[in-house]
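J.: Listed here are the chains, written in short residue letters.
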Amino acid sequence: MSQDYRLDNIGMVNRNKKISFTFNGKKYFGYEGDTIASALIANGVHLVGRSFKYHRPRGFFGVGVDEPYAILQLERNNERDPNIRATEQEIFEGLEVKSVNCWPSVNFDIGAINNFLKMFFPAGFYYKTFMWPPSFWYKIYEPFIRMAAGFGEASIKHDKERYEHKYEYCDLLITGSGPSGLASAYAAAKNGARVILAEDKPRYGGSLLTSDVNIGNQTGAEWSEKIITELKSMSNVIVKNRSQVFGYYDHNMLVMSERISDHLPKTQKYLPKQRLWYIRAKEVLISSGSIERPLVFGNNDTPGVMLSSAAKEYIKVYGVLVGKKPLIFTNNDSGYETAIEFKKNGVNPLILDTRKEPSSDIITEAKNLGIEIKYSYVVVAAKGYKKVKSADIAKISDNKKDLSNIENIECDCICVSGFWTPSIHLASQSGNKSEFNEKIDAFIPKKSKQKENTIGSANGKFTLEETINEAFNKGYEVSNKITENNNKVSIPTVVEKKSTEHDKFWCVPLPKGKSYKRFLDFQNDVAVTDIELALREGFRSIEHVKRYTTLGMATDQGKTSNLNGLQLVSDIENKVVPQVGHTTFRPPYTPVSIGAIVGREVGKHSKPTRKSPMHQWHEKNNAVFVDAGVWLRPRYYKQGNETLFEASKREAKNVRKNVGVCDVTTLGKIDVKGPDAAEFLNRVYTNAWLKLPVGKARYGVMLREDGIVMDDGTTTRISENHYHMTTTTAQAANVLSHLEYYLQLVWPELNVNVVSTTEQWAGAAIAGPNSRALLMKLFPNTDVSNEALPFMGYKEADLFGIPAKIYRISFSGELAYEVNVESDYGNFMWEKIIEVGKEFQIQPYGTEALSTLRIEMGHVAGSELDGRTIPYDASLEGLVSKKKDFIGKRSLSRSAFTKPDREKIVGVVPLDKTTSIPEGSYIVKDPKAKLPNPKLGHVSASCWSVEYDNPFSLAIIKDGKNMIGQKLFAMSPLKNKTIPVEIVSSHYVDPEGKRVRA
Amino acid sequence: MLYIFCPHCGSRSQNEFAYGGDATVKRPELNKEISDQDWDNFVYLRKSPRGKHLELWHHISGCRQWIKVERDTSTHEIFKTYKADELTE
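Listed in order, the protein sequences are those of chains A and B. Residue numbers for the first sequence follow our numbering, beginning at 19 and rising by one. Residue numbers for the second sequence follow our numbering, beginning at 5 and rising by one.
One or more hints might be untrue.
Simulated crosslink set (DSS-like; lysine-lysine; CA at most 25 Å straight-line) [stated by the list, open to error]:
#1 B/Lys84 to A/Lys907
#2 A/Lys709 to B/Lys30
#3 A/Lys917 to A/Lys931
#4 A/Lys714 to A/Lys901
#5 B/Lys36 to A/Lys300
#6 A/Lys532 to A/Lys522
#7 B/Lys51 to A/Lys300
#8 B/Lys51 to A/Lys900
#9 B/Lys84 to A/Lys902
#10 A/Lys499 to B/Lys84
#11 B/Lys36 to A/Lys467
#12 B/Lys36 to A/Lys901
#13 A/Lys691 to B/Lys87
#14 B/Lys30 to A/Lys901
#15 A/Lys469 to B/Lys36
#16 A/Lys361 to A/Lys300
#17 A/Lys401 to A/Lys530
#18 B/Lys51 to A/Lys465
#19 A/Lys907 to B/Lys36
#20 A/Lys813 to A/Lys907
#21 A/Lys900 to B/Lys36
#22 A/Lys907 to B/Lys56
#23 A/Lys451 to B/Lys30
#24 B/Lys84 to A/Lys465
#25 B/Lys56 to A/Lys467
#26 B/Lys36 to A/Lys902
#27 A/Lys36 to A/Lys342
#28 A/Lys451 to A/Lys342
#29 A/Lys856 to A/Lys813
#30 B/Lys36 to A/Lys917
#31 A/Lys300 to A/Lys469
#32 A/Lys407 to A/Lys464
#33 B/Lys56 to A/Lys469
#34 B/Lys36 to A/Lys464
None of these hints come from the bench; they were simulated from the model. Note that the structure is a prediction, hence the values are computed from the model and not measured.
Produce the entire structure from the sequences given, and follow the hints as far as they go.
T.: Written out as structure tokens, the structure is:
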């Protein structure tokens, strides 16, 4: 069980806890605190995947979020999770991971043939190849490309894990717990600010964990441990690890994803898997650090080539050697720190420094340790296919153009350091325009439009002393602005080794006669030649070059590739980097799981479910429910083995023959009160409202300003200055906003108030020829005769001791009443109606029967008032006043709305009286006409007429007025049906409206 | 997500509000003759300025008041918010 590459006396993993896991089916072990990457490297495994385009072998390049290669597919608790970075995912007992983008295996990958077909995959290949012949696209090219594309496979099962959202407010959010994050958090927290400190890794401390420094007489790791312990104990501080702030949005809203259970074999009972934090911060300090830049040379994507800082972190944090014969290739002092760590742990590195004669503390230390250093030397190309075996190295001329003394030396890893790139992603997302800093050859944030500051190496400060001083001061300054406290903590002294300037050199020229691939973007296989080609083809804007070559795209977001890409473009274009500019950074900084974004809003929780007070009765009586907006309404009440069709027919028939009761609680209800209420309604509705007497209801139609019907419903004058308005279920909220708009902004002089009372009233529609007889029994003390309570009448009455309101209104076209009681009495009312109604053969009816009844009566509803119709189209022009002005009236005189052949609602009956017409069918004159067949209109609603026992539909068709009696065709291409039909009046049943007035 | 100061309730997240469009549009008076062109302009024509813009927001999940918000359409900076009856000239 020995691990060949594990060091015994160094690292922060828990040696007392061994953990076994499988990678591509093979069992390995690591220690608690290992990532998949560190555990595999400890076991000598470097080949973990294949690259995106050429399927070249892929190993590890980084040690955290910067990792462009090692993306794996994870199985945990029977769930599949793609897009896992091996450098971030901690191992746990039983973890199973496998490689992606390779088939049949990572060792023998057929797709690797792409590597030999490079000429078919140049930059922008998807615009050029696979184009001809066109018929090949669907059957051959696309399936092939689809199979080849993507990192991993998402699970298609329902995700059983729980994800949560959390909203938090703070004075100061600090992103990253490196030296600047810790120092500023400490200073601000001590000054009384409410601080959130977020760290994406499991361990706090950032670079302090790996650098050989001293703060206040403690090592970096000790100091960070001390600070974090104290911060955790403070009540005004929230400290979170495994938490990535990935997006900076408007008005200082930042979003952070906290991986609570991803490192555990199973999510704990009362914890979510991940939690998404929406943090509104008064101020933000971005201390996201910097990422080491690669150097570009031949085959620099071979497994075993990695960032020198990563190699150092594997040693210091995980006690793992990335190789035993390391070659360090550097243009600055950082490579030396890594070399020193190797040396201290018994491994002899060779340093190739591109600089000619650099000198600094660190270089001296390396020399004193006896480390072999070659100056003005470069790696020309890595050798080895699945793992670095050797390297061609060469001396480079002073002008960095010519190579000489090319030789091959043995090595098993190449640690590269091309200096540091500040992580300015979050700052850039906040709207901060960055500026190019010549000294560090990278962009740093400038002034932001939002309340944020970037500190530490993310701001281009690369010495610890500078960073610590800046962070302490910034933490104090920002907290002082918010808390107005003056508690300044003393800044500890910092001891660090001085380093010297880096070399601007970054890309090794090709030796004569060689055509090594030199990669810039490791995740998307973008090589130097691809960028050169894109520029030759005329792409100039860096945004275009990015999209054409895919440089800096995908999950990696150019963390390691961005600057080298820009550098290359500037070199070719003879510009300087700031002239080229950089592409826009967009959230998320690292991939975020869809589950975390969705949170708890899944399934039934994705929207509220509203139920009427009679819901339980419906459930008990076999109601089958349907979603009506956010409401659940009974669609029909199932008896025995009835189908929807049979049940709705039975229910509707019973209304026409006896009496039925329907739950209409969901109708929108708005109380309109005030001395100017009548005047207000008169402006809102198209018909006249000033003369409606108390105790009477009126049907009204309201328009939008563009003349389109917005909603309809009845409004009842309860008392002199009090009206009860009803709206359709779907439009209730919009109508209220509409009324508030006019009252608050357009006519504030009107003394009127509106308030929603939808939930305050439970409603039951009692409809059918027996309804009055039933009402007489329900309200024995109230006169409900036709004279006392005529059509559109209103009465308050007593329902077995409960105050009730009776509106004589009808949607079904039958003699009908709507009874309202306070919601709490809704169930009581309903049960009484059913109980008393028994002798009158009462049956409850659902929305399907309700639709049948209204359709054959020609009453319009949402399917006709669909946001495209004016009153005329729905045959509501009789309700449009010619005398007064109202909302939307002026639009009705626009030429399109006054055309003589304007669409109008009609009835449609199939000639065979048996074939139902699908809703949405077109009405056409000639079903065989040349396509596109001119369409006269569409079928808006269909039902089975219970009155005539044949199908009946409503349609809105051109010149509908003059089409009555015509024989036309209803065509449904979707259902592949053509049905000969006759156009009839939309008022199919009781056109004179005798029943409602009976 | 914007953070909008409601003059009635204080600072609240954008998800409590509904956007209501240009606050400078004035509805033509009732019962007044108006040309097709002017009416069409009122119903359909809106400016889409880059920069400062006075717009309506409805505090729909709060106090249900319509408010006026002076916002920069490119940076989302909010300069000031007003009650419905303010800035009516």
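J.: Against each hint, give a clear statement of whether it holds in the structure.
T.: So, going through the hints one by one against the coordinates:
Taking the CA atoms of lysine 84 of chain B and lysine 907 of chain A, the gap is about 35 Å. The hint is violated against a cut of 25 Å. The straight-line distance between the Cα atoms of lysine 709 of chain A and lysine 30 of chain B is roughly 29 Å, outside the 25 Å bound, and the hint therefore fails. Distance check on the hinted pair: lysine 917 of chain A and lysine 931 of chain A sit about 33 Å apart at the alpha-carbon level, beyond 25 Å; violated. Pair hint lysine 714 of chain A plus lysine 901 of chain A holds up; C-alpha atoms about 22 Å apart against a cutoff of 25 Å.
With a C-alpha separation of about 50 Å, the suggested pair lysine 36 of chain B and lysine 300 of chain A falls outside the 25 Å cut-off, and the hint is violated. Under the criterion of a C-alpha separation no larger than 25 Å, the hint pairing lysine 532 of chain A with lysine 522 of chain A is consistent with the structure, at around 24 Å. Restraint check for lysine 51 of chain B and lysine 300 of chain A: the C-alpha separation of about 33 Å exceeds 25 Å, so the hint is violated. With a CA separation close to 33 Å, the supplied pair lysine 51 of chain B and lysine 900 of chain A exceeds the 25 Å bound.
Simply put, lysine 84 of chain B and lysine 902 of chain A have alpha-carbon atoms about 39 Å apart, too far for the 25 Å limit, and the pair is violated. A distance of roughly 22 Å separates the Cα atoms of lysine 499 of chain A and lysine 84 of chain B; the hinted pair therefore holds under the 25 Å criterion. Taking the CA atoms of lysine 36 of chain B and lysine 467 of chain A, the gap is about 46 Å. The hint is violated against a cut of 25 Å. For the hint linking lysine 36 of chain B to lysine 901 of chain A, the alpha-carbon distance of about 13 Å falls within 25 Å, and the restraint holds.
Restraint check for lysine 691 of chain A and lysine 87 of chain B: the C-alpha separation of about 22 Å stays at or below 25 Å, so the hint holds. At most 25 Å may separate the alpha-carbon atoms for a hinted pair to count; lysine 30 of chain B and lysine 901 of chain A meet this at roughly 23 Å. Between lysine 469 of chain A and lysine 36 of chain B the alpha-carbon distance is near 49 Å, which puts this suggested pair outside the 25 Å criterion. Of the supplied pair hints, the one linking lysine 361 of chain A and lysine 300 of chain A is violated, its CA atoms being roughly 47 Å apart against a limit of 25 Å.
For the given pair, lysine 401 of chain A sits about 17 Å from lysine 530 of chain A by alpha-carbon distance, which is consistent with the 25 Å threshold. About 30 Å separates the Cα atoms of lysine 51 of chain B and lysine 465 of chain A, which puts this hinted pair outside 25 Å; it is violated. For a cut-off of 25 Å, the pair hint linking lysine 907 of chain A to lysine 36 of chain B stands: about 12 Å separates their Cα positions. Restraint check for lysine 813 of chain A and lysine 907 of chain A: the C-alpha separation of about 33 Å exceeds 25 Å, so the hint is violated.
Of the supplied pair hints, the one linking lysine 900 of chain A and lysine 36 of chain B holds, its CA atoms being roughly 14 Å apart against a limit of 25 Å. For the proposed pair lysine 907 of chain A and lysine 56 of chain B, the alpha carbon gap of about 33 Å is over 25 Å, so the pair is violated. Between lysine 451 of chain A and lysine 30 of chain B the alpha-carbon distance is near 38 Å, which puts this suggested pair outside the 25 Å criterion. A C-alpha spacing of about 22 Å is found between lysine 84 of chain B and lysine 465 of chain A, which places the hinted pair at or below 25 Å, so the restraint holds.
Distance hint between lysine 56 of chain B and lysine 467 of chain A is fulfilled; the C-alpha atoms sit about 15 Å from each other, no more than 25 Å. At most 25 Å may separate the alpha-carbon atoms for a hinted pair to count; lysine 36 of chain B and lysine 902 of chain A meet this at roughly 11 Å. The suggested pairing of lysine 36 of chain A with lysine 342 of chain A holds, with an alpha-carbon distance near 24 Å, which does not exceed 25 Å. In summary, the hint linking lysine 451 of chain A to lysine 342 of chain A is not supported, as the alpha carbons are separated by about 44 Å, beyond the 25 Å threshold.
Between lysine 856 of chain A and lysine 813 of chain A the alpha-carbon distance is near 24 Å, which keeps this suggested pair within the 25 Å criterion. In summary, the hint linking lysine 36 of chain B to lysine 917 of chain A is supported, as the alpha carbons are separated by about 24 Å, within the 25 Å threshold. For the given pair, lysine 300 of chain A sits about 7 Å from lysine 469 of chain A by alpha-carbon distance, which is consistent with the 25 Å threshold. With a C-alpha separation of about 44 Å, the suggested pair lysine 407 of chain A and lysine 464 of chain A falls outside the 25 Å cut-off, and the hint is violated.
About 20 Å separates the Cα atoms of lysine 56 of chain B and lysine 469 of chain A, which keeps this hinted pair within 25 Å; it holds. About 55 Å separates the Cα atoms of lysine 36 of chain B and lysine 464 of chain A, which puts this hinted pair outside 25 Å; it is violated.
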